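Protein chains in written order, with my numbering: chain A, 350 to 465; chain B, 810 to 923.
Don't read these hints as lab results, they were simulated from the structure. Small disclaimer: the values here were computed from a predicted structure and weren't measured. Note that the Cβ used here is the ideal one computed from N, Cα and C, for glycine as well. Incorrect hints may appear among the rest.
Said to hold, decoys possible - If we take Cβ atoms under 7 Å as the criterion, some of the chain B residues that face chain A in the derived model are:
1. 849
2. 850
3. 852
4. 892
5. 911
6. 914
7. 916
8. 917
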Amino acid sequence: AQTVTQSQPEMSVQEAETVTLSCTYDTSESDYYLFWYKQPPSRQMILVIRQEAYKQQNATENRFSVNFQKAAKSFSLKISDSQLGDAAMYFCAYRSRYNYGQNFVFGPGTRLSVLP
Amino acid sequence: EAQVTQNPRYLITVTGKKLTVTCSQNMNHEYMSWYRQDPGLGLRQIYYSMNVEVTDKGDVPEGYKVSRKEKRNFPLILESPSPNQTSLYFCASSRTPDSNQPQHFGDGTRLSIL
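Generate coordinates for the entire structure from the input sequences, incorporating the hints supplied.
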């Protein structure tokens with residue numbers, strides 16, 4: 350079974366600075382998808398960014414980018430020019446390409462604080 | 810507006826009193842799923858449904874039931890709730906079960922079982 354680890358339960362960053370949240374995963378599959386979800390205090394789960402394992406190019410979405418290292422099974426999220434609205438819980442998630450249905454595995458989350 | 814709607818958002822109840830959390834999506838999605846979120850554990854899948862009348866267990870199904878009689882609705886049933894089911898619950902849906910489809914989440918239901 351796949352597992353997802355986020356080793357930083359809490360992190361903080363100064364407004365306008367850059368922060369990197371780490372995520373590692375364990376799988377024997379070669380093809381899969383990785384996601385970062387943001388959960389603000391409102392509890393909504395918001396998709397931040399998505400990476401397909403067979404694509405070597407790192408995904409980017411505006412101020413959010415990932416560093417995907419397939420061999421190391423690492424999928425970190427970089428937030429540039431941090432804003433107060435980035436404060437939230439961030440979850441890394443793995444989705445198997447083959448195991449339809451029962452295929453989403455989430456990490457325990459990292460709580461990010463943004464300091465003014 | 811495309812959305813996944815869960816009700817109620819908050820519920821405090823007592824051990825053994827049957828309860829149902831409703832989930833409805835207006836996007837004609839085939840795939841729906843229930844998760845529970847607990848501190849330090851992230852989200853764990855309870856049940857999922859690939860389509861109408863097709864449901865299957867996720868990672869933590871004990872103590873829960875689901876049904877999928879209509880495409881839009883996927884209620885979560887706790888027949889005899891216990892305190893260890895106190896948690897934050899999320900319903901999610903995606904257009905198909907394919908792995909590249911992002912999931913749309915409801916706003917969550919905070920359940921407290923006394």
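Evaluated hints:
{"no.": "1", "hint": "849", "verdict": "5 Å, holds"}
{"no.": "2", "hint": "850", "verdict": "6 Å, holds"}
{"no.": "3", "hint": "852", "verdict": "4 Å, holds"}
{"no.": "4", "hint": "892", "verdict": "21 Å, violated"}
{"no.": "5", "hint": "911", "verdict": "5 Å, holds"}
{"no.": "6", "hint": "914", "verdict": "4 Å, holds"}
{"no.": "7", "hint": "916", "verdict": "6 Å, holds"}
{"no.": "8", "hint": "917", "verdict": "4 Å, holds"}
Of the hints listed earlier, the one the structure fails to meet is number 4.
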